[in-house]
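The listed protein sequences derive, respectively, from chains A and B. For reference, each letter of the first sequence is one residue, going 1 to 303 in my numbering. For reference, each letter of the second sequence is one residue, going 1 to 260 in my numbering.
The set of hints was computed from the structure by calculation and includes no laboratory data. We treat Cβ as the ideally placed atom computed from N, Cα and C, and that holds for glycine. Hints should not be assumed to be uniformly reliable.
Ranges of calculated distance between the beta carbons of each label pair, as one might list FRET restraints [said to hold, decoys possible]: (1) A:Ala45 / B:Val75: 19 to 25 Å; (2) A:Leu99 / B:Phe243: 31 to 37 Å; (3) A:Val282 / B:Ser46: 51 to 57 Å; (4) B:Ile183 / A:Pro63: 52 to 58 Å; (5) B:His126 / A:Leu152: 33 to 39 Å.
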Amino acid sequence: MTALSTHAGTGPPAAPPAADGRAARRPRTGRRIALLVIPATVFVALAFLVPMVRLGWLSVTSPAPGLGNYAKIFSDGISLPIMGRTLRMAVTVTVVTLLCGYPYAYLMTVVSARWRAVLLAIVLMPFWTSLMARNFAWVVLFQDNGPLHSALRVIGLGSVHPLGTATGVTIAMAQVMLPFMVLPLYSNLKGIDRRLMPAALSLGARPIVAFGRVYLPLSLPGMAAGTTMVLILSLGFYITPALVGSPQQSMIAQLIASKVQQVLDFGGGGALSFALLVVAVVLLALVGRVARPTTMIAGSGES
Amino acid sequence: MTALKKLPLRVFGVLVALWLVVPTLVVIPLSFTDRNSFSFPPPGWSLTYYRRFFTDPQWFGALLNSVQLALMVTVVATVLGVAASFALVRSRFAGRGLVNGALMAPMMVPGIIVAIAVYTAFLGWHLVGTVQGYVLAHTILALPFVIVSVTAALRTFDRRLEQAAANLGAGPWATFRQVTLPILLPGIASGAVFAFVTSFDEVVVSLFIQSPSLQTLPVKMFTSVTNEIDPTIGAASSLIVVFTTLLVLIPQLVRRSNAN
Numbered sequence: 001m002t003a004l005s006t007h008a009g010t011g012p013p014a015a016p017p018a019a020d021g022r023a024a025r026r027p028r029t030g031r032r033i034a035l036l037v038i039p040a041t042v043f044v045a046l047a048f049l050v051p052m053v054r055l056g057w058l059s060v061t062s063p064a065p066g067l068g069n070y071a072k073i074f075s076d077g078i079s080l081p082i083m084g085r086t087l088r089m090a091v092t093v094t095v096v097t098l099l100c101g102y103p104y105a106y107l108m109t110v111v112s113a114r115w116r117a118v119l120l121a122i123v124l125m126p127f128w129t130s131l132m133a134r135n136f137a138w139v140v141l142f143q144d145n146g147p148l149h150s151a152l153r154v155i156g157l158g159s160v161h162p163l164g165t166a167t168g169v170t171i172a173m174a175q176v177m178l179p180f181m182v183l184p185l186y187s188n189l190k191g192i193d194r195r196l197m198p199a200a201l202s203l204g205a206r207p208i209v210a211f212g213r214v215y216l217p218l219s220l221p222g223m224a225a226g227t228t229m230v231l232i233l234s235l236g237f238y239i240t241p242a243l244v245g246s247p248q249q250s251m252i253a254q255l256i257a258s259k260v261q262q263v264l265d266f267g268g269g270g271a272l273s274f275a276l277l278v279v280a281v282v283l284l285a286l287v288g289r290v291a292r293p294t295t296m297i298a299g300s301g302e303s
Numbered sequence: 001m002t003a004l005k006k007l008p009l010r011v012f013g014v015l016v017a018l019w020l021v022v023p024t025l026v027v028i029p030l031s032f033t034d035r036n037s038f039s040f041p042p043p044g045w046s047l048t049y050y051r052r053f054f055t056d057p058q059w060f061g062a063l064l065n066s067v068q069l070a071l072m073v074t075v076v077a078t079v080l081g082v083a084a085s086f087a088l089v090r091s092r093f094a095g096r097g098l099v100n101g102a103l104m105a106p107m108m109v110p111g112i113i114v115a116i117a118v119y120t121a122f123l124g125w126h127l128v129g130t131v132q133g134y135v136l137a138h139t140i141l142a143l144p145f146v147i148v149s150v151t152a153a154l155r156t157f158d159r160r161l162e163q164a165a166a167n168l169g170a171g172p173w174a175t176f177r178q179v180t181l182p183i184l185l186p187g188i189a190s191g192a193v194f195a196f197v198t199s200f201d202e203v204v205v206s207l208f209i210q211s212p213s214l215q216t217l218p219v220k221m222f223t224s225v226t227n228e229i230d231p232t233i234g235a236a237s238s239l240i241v242v243f244t245t246l247l248v249l250i251p252q253l254v255r256r257s258n259a260n
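Pulled out of the complex, with its shape left as it was, chain A reads as follows (with noise of 0.2 Å):
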């Protein structure tokens, strides 16, 4: 927008007849501008665009000509309950994000700001901490005769081991992606008008109602938002699952992984990742159809 404006006020139209050459020489830096793009694409495409076409290439050439590989995924046994899981997995640790994040994202707006700072500085820290050393963390917190471990036994629960079952992987997953989903929360409902709720309240609404009709509608944007992100992280995650989970439980990126690096099937491995990027695509239009409609109301409530 800013950009649009500012490039119009500065255009040749804009440029007064006396500045002849400057005229001239306006359009000429606009296109200069315009290849510096050049560097970056070159990059991109040799370390993204290219490797990607090659999977798609080789993922119905190798090991022969044809869709056996996508095929393979529907009658292997495997791919498909793995995938189921992954989704499972995907979607429970969202949830998770979401009902854990949102109240944290909600307090945010309503603490001083010395407190704002420091829980902004609590949801910032894993983003500078190692993302190795706080998976590490989980594997030691959850191992065997481990702090949980011991402390479930306290209880007479002695016969839960956490480290390699899905419950553990969701909660070791959902503090790594937590972040992902309270800073685009907070950035949403830090805009949300404040006295929205008081006047829902004094018309007569119940407070759960106000929330529900006034409050909810307006975050959804935020929602939708840090949604996605969890979404389409928790889809490919590897280190948490590799690390905190086991290979009985494993996700469809270990699959992946176990097919390139154990058995060389670059078909196989590539067939599955374009059927891990359809999901992840339907999954983000799926949650673009629920976000949109009350995007609008939100908009229009917010001019």
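Use these hints to put chain B onto chain A, whose structure you have.
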């Protein structure tokens, strides 16, 4: 009344905050263990694993590799990202949206897919386990962060300042160096920090393109949990946690003492 009603919310907030911070802190006591295991709490104390971290060529070498690669990636990604941001914000060209999407894509596509695409391609190009390979792969992962923060800074940039400088007789290069760059610097700096952290912390792609002779610290940490039980990872984790916490906290403490 309202204070009472807010109490559950505050308690819940504190619990979530603890969940975010406390589990990670177990790595600190663990790093002082004297056993060759992850037993927690440690049965005895020692500095064995700090000594090993700084003397074992595998661990210390991995740290040096990671720092060097992250610095290279920071330079490359920042230069490419700033240039691309100027083009994206200040010019119109055919396919601009498409190019923007392509530059952002590595951030949106699930990590494992990027990893195996890069791995299969790099195998063919003999880039697996090379410095060039790491820099190339980490750069495309870091670029989106640089572009997001620099384009944001450029969009709020008041271009009349450049016109004013030009009117006062500054050439294009002087205008850029003395006016544009200083104003954009905070945006560029935050992009550069993100680029460094992205590369320094990257695990998934690095796990695939690593070689025994060129390993990064996160990869070494990953294998020290999965392949061998090596408590040196506790010392490595603690150092990273303390270092990054200081990095974030020091500017705030300095600001506060200045205010006082």
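We went through each hint and held it up to the structure:
Between alanine 45 of chain A and valine 75 of chain B the beta carbon distance is about 20 Å. The supplied range of 19 to 25 Å therefore holds. Roughly 33 Å separates the CB atoms of leucine 99 of chain A and phenylalanine 243 of chain B, a value that falls within the hinted 31 to 37 Å. The hint said 51 to 57 Å for the Cβ distance between valine 282 of chain A and serine 46 of chain B, and at roughly 53 Å that hint holds. As the Cβ distance of isoleucine 183 of chain B to proline 63 of chain A is approximately 56 Å, the hint placing it in 52 to 58 Å holds.
For the pair histidine 126 of chain B and leucine 152 of chain A, the supplied restraint of 33 to 39 Å is violated, since their beta-carbon distance comes to about 50 Å.
In the structure shown, a violation is registered for the earlier hint numbered 5 alone.
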